[in-house]
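2 protein chains.
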Amino acid sequence: MSLFIDMDEVIADTYYAHIEIYNNEFQENLTLEDCWGNEVWKAVPEGRQASVRNHANTIGFFRDLKPIKDSQPVLKELSQKYELYIASAAMQFPNSLLEKSEWLDEYFPFIDWKKRILCGDKHILKGDILIDDRSYNLEHFDGRSLLFTSGHNIHSNGFERVNTWLEVADKLL
Amino acid sequence: MSLFIDMDEVIADTYYAHIEIYNNEFQENLTLEDCWGNEVWKAVPEGRQASVRNHANTIGFFRDLKPIKDSQPVLKELSQKYELYIASAAMQFPNSLLEKSEWLDEYFPFIDWKKRILCGDKHILKGDILIDDRSYNLEHFDGRSLLFTSGHNIHSNGFERVNTWLEVADKLL
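Those sequence lines, one after another, are chains W and R. Reading the first sequence from the start, the letters are residues 65 to 237 in my numbering. Reading the second sequence from the start, the letters are residues 65 to 237 in my numbering.
Bear in mind the hints are in silico, worked out from the structure with no lab data behind them. Note that the structure is a prediction, hence the values are computed from the model and not measured. Mixed in with the good hints, there may be bad ones.
Which copy is meant is left open, because identical chains are indistinguishable; a pair holds if it fits in one copy or across any two.
[Unchecked claim] Here are the simulated BS3-like cross-link-like pairs (lysine-lysine), alpha carbons at most 25 Å apart as the crow flies:
| no. | residue 1 | residue 2 |
| --- | --- | --- |
| 1 | Lys-178 | Lys-106 |
| 2 | Lys-133 | Lys-190 |
| 3 | Lys-235 | Lys-133 |
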């Protein structure tokens, strides 16, 4: 049985990174709670939104992300039970490609290159389960779709939701 | 209708690049005909095979490839008729990722990031047509599989074969 797992906001904490970089740059104290329910860039004053939207183009942004809590041990176990693939819509940010590869080498070395997919549209994925934080990625998937909770998607409906990696473990292990 | 097209030896001429780099390095006159029916590295003396096999790890190798004859105009036309995706098993060579993205920007700018897939196993592709030079990529594909002729695959059987991009145009346009 095959299982696709997204990277950003599912195993790699981009949401928190946006807040941290914003706070450093503007000497602010923006919190997760301030942003909850929004994209981070929408939770800052208009004149600073372009700066937050540009984080993903910054060298090192994707290399320095922290893994989402419990993702490492749970993926390790999942990889023993499923054909586990990482599927990230990375092609929009060419500089992220090598960084994502190196990041996976560091935090998820048990997922080898044959099981890594950097793509655009995820309509092209054929498999059994997809875990993603974006409804538009889940919509066209033929198998079981799990929406992984992120600050920006708490108001999305219509998908089976998982809030944490321990919840994923409960469902899939 | 969706159409996946491989990169190396289908739209990007790795086969010729291996020969050219080998000839430069060893002051030889290896020709396409000398290699035909083989992987290039198998057509050189044993002591030099490791060198040829290492080309793909060399910075710039994938960025400097020449497009395969007629691939540009035919893909341009195909992209107007099909949902055309590039699907390359690039994850084995992390340094190739950015180079492949930049190479596509240069030679196939009409294929945007949403339609680019850098992956490992191609078993995960869901679509209608796959054009690839490797039997093991075509074997697990559910749709129509076209084997694009390359020096290394001329003895492969069992797949619908296309020898040139003009032949592809005849079949698909």
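Hints and how they fare:
In this homomeric assembly, Lys-178 and Lys-106 come within 25 Å of each other (Cα to Cα) only across copies, at 24 Å, whereas the closest approach inside a single copy is 37 Å. In this assembly of identical chains, the alpha carbons of Lys-133 and Lys-190 never lie at most 25 Å apart, being 27 Å within a copy and 31 Å across copies at closest. Only within a single protomer do Lys-235 and Lys-133 lie at most 25 Å apart by alpha-carbon distance; the minimum there is 17 Å, versus 51 Å between protomers.
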